[in-house]
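S.K.: The primary structure of each chain is shown beneath.
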Amino acid sequence: MTPRARAGFITLFLLPASALYALFVVIPVVQAFAFSLYRWRGISANRTFIGLENFQQLFNDPLVWRALSHNLLLFVGTSVVILTVSLALAHAVGAESALARFLRSVYLFPQVISLVVVAILWMFILNPSFGILNATLKAVGLKEWAITWLGNPYTALASIGVAHVWHALGFYIMLFAAALRTIPTDVMEAATLDGATGLVRLRYVTLPLLWAVLRIALVYMAIGTMNIFSLVFLMTQGGPDRATEVMLTYLYEQAFKHSEFGYATALAVVNFVLVMALSGAILTLFRHNPQEGRG
Amino acid sequence: MKAGRYALIVTVLIAVSAVIVSCGRQQPTSSLEVACFKGGYGIDFFEQAAREYEKLHPGVKIKVWGNPRVWEQLRPRFVAGNPPDLTYPGWGMDHWALVYEGQVIPLDEYLDSPPYGKSEGKWRDTFEPSLLALCQYQGKTYMLPYFFSMLGWWYNKDMFEKNGWKPPRTWSELLALCEKIKAKGIAPITYQGIYPAYAVSGFLIPWAISAGGIEAFDNAQNLVPGAWKSPAFLKAAQMIDELRRRGYFQEGANGMDHTGAQMEFISGRAAMIPCGTWLHSEMRNVLPPNFRMGFMLPPVLDDGKGDPTAVGIGIEPWMVPTKGKNRELAIDFYKYMTSLEKAKQFVEQKGTLMSIRGSDQANYPEHLKEPVEVFRRAKTVWSVEYRQWYPKLGKEVEDATAALLAGNITPEQFVERLERAAEATRQDKNIPKHTYTRGKDR
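Taken in sequence, the protein lines are chains G and P. Residues in the first sequence are numbered consecutively from 1, following the working numbering. Residues in the second sequence are numbered consecutively from 1, following the working numbering.
Worth flagging that the hints you see were computed from the coordinates, not collected in a lab. Check before you lean on any hint, since a few could be wrong.
Below 27 angstroms or equal to it, Euclidean Cα-Cα: the simulated DSS-like pairs (lysine-lysine) are [as the list claims (entries may be wrong)]:
#, chain 1, residue 1, chain 2, residue 2
1, G, Lys257, P, Lys157
2, P, Lys344, P, Lys55
3, P, Lys180, G, Lys257
4, P, Lys180, P, Lys166
5, P, Lys325, P, Lys55
6, P, Lys392, G, Lys257
7, P, Lys344, P, Lys118
8, P, Lys180, G, Lys143
9, P, Lys182, P, Lys235
10, G, Lys143, P, Lys182
11, G, Lys138, P, Lys180
12, G, Lys138, P, Lys182
13, P, Lys184, P, Lys157
14, G, Lys143, P, Lys323
15, P, Lys235, P, Lys305
Interface residues of chain G toward chain P, partial, derived using beta-carbon atoms under 8 angstroms [as the list claims (entries may be wrong)]:
#, residue
16, Gly42
17, Asn46
18, Gln237
19, Asp241
20, Ser259
Chain G stretches covered by chain P per the calculated footprint, using a threshold of three residues with CB under 8 angstroms from any CB of chain P [stated by the list, open to error]:
#, region
21, 148–156
22, 246–258
Even glycine gets a Cβ: it sits at the ideal position worked out from N, Cα and C.
Required output: the full structure, derived from the provided sequences and hints.
M.R.: So, in structure tokens, the structure goes:
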């Protein structure tokens, strides 16, 4: 087959999928950019072109900034926890022991549970009246610690973060466990023979070899927390008093409760750009493995 | 002979086709699409009504469909200009946006025509006037009520009887009772903290009305400057704050959703809860056998200016889309559904109150007897309309109420926040404004 015919053949096979992707992904995204320039209630075909007014309003809307800061807080907080815990557990599941076998069989459970169920489960755990968390705290004599986790503006966001971590952890354990297996055993053995064990080996051998995976994991975490919706919507509705409002719950409120579809679309566009920018920033910042090229 | 045979055949053909044509004229097949919100009362009643109507009107075909998120499916249909003929889009639909966009028709012409199956009288007069008044914008009626809910407090009847407690009618009775309940180790009052709308209509508004009279609330809804920070609203906020400081609200209630708080109530860990008349049907699957709940109005101030019989109500309206294909039939079917006979059936089958006058003469389930009495006695009726008219103001009132209940802001800061939100709504020229004119209520 000539290269030309080969290219034609490939194009032929790519065409149907590309057409569907264009129809259901590319065109709606482009449309969204267009709708963000209109005042539109989203209930009739009437739209008024208002240029960049929605974006102007958005930058002056303190609630957008507040929601965005919650997204970023969730990103920073949960990614630190997820990274450390999932790396440790990824090590643990790779070992040969009864505990490792047990961990291997359960660590993906939270990941396969629907988010709605995760939300309800955590609402039960955190329930101030009959929840297991407060019951445990009271049982061990920490009565003052037994608070209204989801009703308190200082703990509500963190509580959602915990539920998010619990749900997401399995995926990252899987990712890191798989990456750990790709590290050749002779490298590890050599490091051990040279006296690098424990944290030293983790820092100078394991982490550099996992660098590419860590970078991708961070991008996933950024996307996951910037687009968080279900957990917040179900557990707190963005409350109390906006303490857990995030970009997408605010977008939902604008679109479906306030019939501000143009404004909501502008929010979606901004969120899209932010996710892209954050992912790009992560990829750039972590482009060079700091351990590479060292003498 | 041959010519005669042909003549016969032609005659027969003409006769047969004449019969076919006239049959067609007598029974034109027309169809109707009715899209309904499928909430706690289901849509089986409307489906049944459709089958009955089809029997009464041969040739008519009615398709009734619905689900619990029907408003999400209806939005694109409205945008595409292809809505159903008649719809009950449910609480998730921004009803007034449909009105502003000309997507639903004014119904006054039809309301002035006779009711179903009658040759005289006005359909309008068969509705509770206070409920019909909620469906108007700039003097025209765009929606129609069906069933309605009443807002108030529920108390645990057995717990009250066992302890010799009486449902409190006044603020001082409430405080005295709460102290006794608390002493028993039971939370006096719980509430659905994640959805502060319950606390707004269960505490804030009834107490503002009690303190300042119904004008205090009407003015607030009509965005009269200063109305949201009037002494009436400040007093109501102080009352909420006092209950919080005295520890009469259940600990942790501000972190509970509606199901969570309502479970606390029916499991006996809390004695009272603000909720609408839907509470019984919402919780019926988890109600302990023989659980008895009593309905009462929120206790009023001992020397309050407001009418102590004032009661809050809420409707979920029906409407006729402008671009529906069969307007007349849609109206006639809705007239059938709102006939006194059907209204009474709805009350009996679904256990809720109906907007049709005289339907309260039906056989009520036990838990509705007290609400019916309260409604019959009520001289003033109010409804939270600003939340539908101005969703942003509604959201801010709810957020501020959550903050007040959590003790994060003072009553003074609370009313300032409400007034600021009202001012923002007043100044926003993109928000169409409503005025509620209070007629003779009952």
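S.K.: Kindly indicate which numbered hints from before are broken by the structure, ordering the numbers from low to high.
M.R.: 1, 3 and 14
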